[in-house]
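*Asks:* Here's the letter readout for the chains.
2 protein chains.
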Amino acid sequence: MKPINLAKKLATFTDHYKPRTVGQFNGHDLMVVKVKGPFTWHKHDDTDDFFLVLKGHLTILLREGQVELGPGEMFVVPKGLEHCPVADEEAHILLIEPQGTPNTGDRSTAAARVVI
Amino acid sequence: MKPINLAKKLATFTDHYKPRTVGQFNGHDLMVVKVKGPFTWHKHDDTDDFFLVLKGHLTILLREGQVELGPGEMFVVPKGLEHCPVADEEAHILLIEPQGTPNTGDRSTAAARVVI
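Read top to bottom, the protein sequences are chains Y and D. With this note's numbering as the guide, the letters of the first sequence map in order to residues 28 to 143. With this note's numbering as the guide, the letters of the second sequence map in order to residues 28 to 143.
Looking at chain Y on its own, in the form it has when it is part of the complex:
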């Protein structure tokens, strides 16, 4: 029964687009991730996709428009909607997805779920 300090968890790794699971909630993984550069266009047919920016700035490209997020800003990509996260500089993000959701939307290209 300990608090989960997000900055301390983020300080334990340096790679990008490799989420680390730091907790669980109602069948979802609570994950922190460092992002830089463009990710890949993808969608999740079975789940919404939760983003909260902890540090830096993140752009979520959509097929129609885009969403710009800074620290303390949150966005939920609705289930089934194609999106592509992009960050010009490194940004730190809290992600929430159901346990086992492939981060690319495709199990063959997804990052492994690593618990820290």
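Some hints here could point you the wrong way.
Which copy is meant is left open, because identical chains are indistinguishable; a pair holds if it fits in one copy or across any two.
[As the list claims (entries may be wrong)] Pairs of lysine-lysine, DSS-like flavour, derived with a Cα cap of 27 Å: (1) 106 x 82; (2) 70 x 106; (3) 45 x 63; (4) 106 x 63; (5) 70 x 45; (6) 29 x 45; (7) 35 x 82; (8) 35 x 45; (9) 82 x 70; (10) 29 x 106; (11) 82 x 29; (12) 63 x 29.
Don't read these hints as lab results, they were simulated from the structure.
Starting from the known structure of chain Y, fit chain D onto it as the hints suggest.
*Replies:* Same frame as chain Y, but now just chain D:
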């Protein structure tokens, strides 16, 4: 398709222990709340209870021990576990609970869900 700025949402109200719903995710309400003083002992038999401190400090009393949270710290109270949030000074929290979950664990005493 707009970002949800948590600080701006929190600036729209001043009362305590009255969560405002600012978004939705996989059947859950994403809520911000200002807390000060003790809440009530309660539990949720059907759901975990997600807390992320955005500003200030929060203590979550448990029947065995307690968890102290500062800014950027998160804690998930497991389903069915009795807990009582307490804050000596005002703190700002991101909460996630399934839509319709009574914040006190009891519909007769729960705060209304208000969407902002």
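*Asks:* Hints first: check each against the structure and report whether it holds.
*Replies:* Quick rundown of the hints versus the structure:
1. Taking identical chains as interchangeable, the C-alpha atoms of residue 106 and residue 82 lie at most 27 Å apart only when both belong to the same chain, with a minimum of 25 Å there against 30 Å between chains.
2. Taking CA atoms no more than 27 Å apart as the test, residue 70 paired with residue 106 passes inside one copy only; the shortest distance there is 7 Å, against 30 Å between copies.
3. When the C-alpha separation of residue 45 and residue 63 is checked against a cutoff of 27 Å, the pair qualifies only within one copy, where the shortest distance is 11 Å, while the shortest distance between copies is 37 Å.
4. For the identical chains of this complex, residue 106 and residue 63 are intra-copy neighbours only, at 24 Å inside a copy versus 36 Å across copies, given an alpha-carbon limit of 27 Å.
5. In this assembly of identical chains, the alpha carbons of residue 70 and residue 45 lie at most 27 Å apart only when taken from the same copy (17 Å versus 34 Å across copies).
6. For a Cα distance limit of 27 Å, the shortest separation of residue 29 from residue 45 qualifies both inside one copy, at 24 Å, and across copies, at 26 Å.
7. Taking the shortest Cα distances, residue 35 and residue 82 sit within 27 Å of each other both inside one copy (13 Å) and across copies (17 Å).
8. Proximity of residue 35 and residue 45 under a CA criterion of 27 Å is satisfied intra-copy only: 16 Å inside one chain copy versus 30 Å between copies.
9. In this assembly of identical chains, the alpha carbons of residue 82 and residue 70 lie at most 27 Å apart only when taken from the same copy (24 Å versus 33 Å across copies).
10. In this homomeric assembly, residue 29 and residue 106 come within 27 Å of each other (Cα to Cα) only across copies, at 16 Å, whereas the closest approach inside a single copy is 32 Å.
11. With identical chains, the CA atoms of residue 82 and residue 29 are at most 27 Å apart both within one copy (23 Å) and between copies (18 Å).
12. When the C-alpha separation of residue 63 and residue 29 is checked against a cutoff of 27 Å, the pair qualifies only between copies, where the shortest distance is 22 Å, while the shortest distance within a copy is 30 Å.
Going down the numbered hints, you'll see the structure goes against none, and every one checks out.
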